[in-house]
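Model the full structure from these sequences, guided by the hints.
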Amino acid sequence: DAKTTQPPSMDCAEGRAANLPCNHSTISGNEYVYWYRQIHSQGPQYIIHGLKNNETNEMASLIITEDRKSSTLILPHATLRDTAVYYCIGIVLETSGSRLTFGEGTQLTVNP
Amino acid sequence: GAGVSQSPRYKVAKRGQDVALRCDPISGHVSLFWYQQALGQGPEFLTYFQNEAQLDKSGLPSDRFFAERPEGSVSTLKIQRTQQEDSAVYLCASSLEGVYSNQPQHFGDGTRLSIL
Numbered sequence: 588d589a590k591t592t593q594p595p596s597m598d599c600a601e602g603r604a605a606n607l608p609c610n611h612s613t614i615s616g617n618e619y620v621y622w623y624r625q626i627h628s629q630g631p632q633y634i635i636h637g638l639k640n641n642e643t644n645e646m647a648s649l650i651i652t653e654d655r656k657s658s659t660l661i662l663p664h665a666t667l668r669d670t671a672v673y674y675c676i677g678i679v680l681e682t683s684g685s686r687l688t689f690g691e692g693t694q695l696t697v698n699p
Numbered sequence: 066g067a068g069v070s071q072s073p074r075y076k077v078a079k080r081g082q083d084v085a086l087r088c089d090p091i092s093g094h095v096s097l098f099w100y101q102q103a104l105g106q107g108p109e110f111l112t113y114f115q116n117e118a119q120l121d122k123s124g125l126p127s128d129r130f131f132a133e134r135p136e137g138s139v140s141t142l143k144i145q146r147t148q149q150e151d152s153a154v155y156l157c158a159s160s161l162e163g164v165y166s167n168q169p170q171h172f173g174d175g176t177r178l179s180i181l
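Chain order of the listed sequences is A and B. Sequential numbering from 588 applies to the first sequence in our numbering. Sequential numbering from 66 applies to the second sequence in our numbering.
Each hint should be verified, as a subset may be incorrect.
[Claimed, not checked] Examples of chain B residues lying across from chain A (beta carbon under 7 Å, computed): (1) Leu104; (2) Phe110; (3) Glu133; (4) Ala153; (5) Pro169; (6) Gly175.
[Claimed, not checked] Dumping the calculated SDA-like pairs for lysine to any residue here, alpha-carbon to alpha-carbon at most 20 Å: (7) A:Lys590 with B:Phe110; (8) A:Lys590 with B:Arg74; (9) A:Lys590 with B:Asn167; (10) B:Lys122 with A:Thr688.
Honestly, the hints are just simulated from the structure, not real lab data. Think of the CB as a built atom: it goes at the ideal place given N, C-alpha and C, for glycine as much as any other residue.
Below is the structure:
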């Protein structure tokens, strides 16, 4: 699985878009990128995942660069409840199964 | 519908005691995962099951840790002769399909274990 690199912290104003970057320069062709977040004292929450194409769901959008070496998670209209640690995780399902390897993550703070 | 349920929510034990932590996955979910989260760190993988089969236990830190899922539903993580370094939050997650699918994992809120 590729090592992922994320900034340790970010701030965002309430109502604005939050753009969280992730570098995964050693990603392999069959490696998925997953995003989870963890709000204090709760279990991690799945947000979105993708392989090559950009993805969108009711929570967020995932933009993957053409060379797949980096991606951006976009929360279109951040609210105070989006304050959490966000984890970007690369997984090669065929070799490691869907076990998640959490790194340091990005602490996103949404300010009023 | 109901999510992943873990019990107890908090557990305090004296060093040397045995503890058992329970996980009730989402009904019908095939895969079940256990993670350990130390204070201020991200979760770390312990083991996973596909139905009743334990396919990977490479993350279990010692032979004092044992997990089972005998009927392919509820799972129990047991820690024998607990030590202070076992203090952590133990998280359980389940997924709809097998461990090699790209289906997301759904987590419970964990059991916070404190060893005195």
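Exercise for the section: Please name the hints from earlier in the document that this structure breaks, with their numbers sorted from lowest to highest. Expected result: 1, 3, 4 and 8
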